[in-house]
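**Q** Sequence:
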Amino acid sequence: MTTTRRDFLRSAALAATVPTVASVAACAPDSPAGPGARQGTSSLQADLEEALARHRVVGASAAVFANGEIRTAASGLVNVTTGVEMTPDTVMHIGSITKVFNTTLLMQLVDDGLVDLSAPVSTYLPELRIADPDHLARITVGMLVNHTSGIDGEMVPEQGHDEETIEKAIPRFANMGKIHEPGADTSYCNTATVIAGYLCQRIRGRSWYDLMKERIFQPLGMDHAAVLPEDALLHRASVGHFTSPETGEPVRTSFAFLPISFAPAGATAMMSPADLVTFAAAHMADGTGLNGTAILSPESARAMRTETTRGRGQGSPVAFGLGWMLSEGGFVSHGGGGPGILATLIAHPDSNVAVAVAANSSHGGGLSGELANKWMEEAAGVAPPAPVVRPIVDAEVDVARYAGRYENIAQIYEIVEMEGGIGVSLWAKFPFYDDTPMEPTPPIALQPVGNDAFTFPDAEGNATAAIMSFLDPRPDGRMSYIAQGARMVPRAD
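Going by numbering that gives the first Met the number 0, the residue at position 83 of the sequence shown is 82; the numbering climbs one at a time, nothing skipped.
Derived by calculation from the structure, the hints in this document are not laboratory data. As the structure is a computational prediction, the values presented were derived from the model and not from experiment. Hints are all accurate, no fakes.
With a cut-off of at most 25 angstroms between alpha-carbon atoms, the simulated SDA-like pairs for lysine to any residue come out as follows:
#1 Lys-167 - Arg-203
#2 Lys-177 - Glu-406
#3 Lys-212 - Glu-298
#4 Lys-212 - Asp-115
#5 Lys-428 - Gln-158
#6 Lys-177 - Thr-139
#7 Lys-212 - Gly-112
#8 Lys-212 - Leu-113
#9 Lys-212 - His-160
#10 Lys-177 - Ala-427
#11 Lys-167 - Lys-212
#12 Lys-212 - Gly-320
#13 Lys-177 - Pro-489
#14 Lys-167 - Ser-206
Could you put the whole structure together from the sequences, leaning on the hints where they help?
**A** Here it is as structure tokens:
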């Protein structure tokens, strides 16, 4: 199978994601924003239909919360096999956006005086094990939800349905190593999020799934939300799609969920975009929902969107609060991926505006990001920061400084000499999705942009916003890490 630059970058990304509103929001497909609406806001439905056709996405659904009400749009199909049409109340996969929900459950424990974020995780989970006991002893509860635990825990293979519970996942972490020392750096970690979810169910004495429903969905009136796969059957539910390399046509995913033991990290949650912005509205209102029900204290809601750490490298401009990702201009957000799906949630608390877009095609990130940014600028009057494209520099590349193998628990990067510079090949140790490369991809050339960082050029050789940085030279001059997005991948040779 030929690997295009787009395919390669998607593989890397997938392995590598307020005033209180006094009244209950109205929710109708592409409904007018009301008398207080910002003028000039475009038709969500028209925008979505045009983008769906242009990006060739199977189906998408979206919601915008602004001026105290929710507007929605939906287009396309939920499943190319069944031909069922997408509607605004279709439940869509939200992937890693679930991490914000999971952190909300954890902060409810803080509000109730049952957990201290600065306490070691082992205080509450004495049975927890990872490869290095000293490493574990220094991981605090807060490090689980701001990606500073240092655990090498991207994902683990599917263990079979009877073994896929959150509780049974915990012993599988016993051999996990470390990316960095606890609190010393920032590297996105799914396993740490699962541990945080397990901690919530242990302390509450309730299933994590029940906690999501009883402590978030029901209080906020989120009627089109599911966190168990069997609950999704109670709704019109979307499934993911990939593009066939042989025909170029969309093909339904062969499995709808990642291992469900990783539910706190984003394996199972599905909901309508309207319910997703309902959740975001509660966070922007410092923990109080549109129906007046509080799910968090103002202190905890504000703490979640306060910067605690920041990823390193030119390709890692991501800052983290607790659960939320943060960007310049006061935006809080999170993205989500899954088998053949991509979703985006972005909120601007200063403007009290939130936008959610979910697409059920593996290449749907272009659609969701484009529309989320457009609608946010229209509704809030301020645009999210644009990706930075750094110019290619004319510099000789010291191949020996970068070349070699870098890997984490789930993925391998091979940096090789290529056309007078370097290139990268990528493959996975087990299949995340139907199109996960299990053999080395053909190398993709990297072009220098300075300071040990490289861009993935487009087909014409121009720089793009996709950046790979190399960090921390060893005494022999070879670099210790690749940094891409919010992840660090250590050298293995």
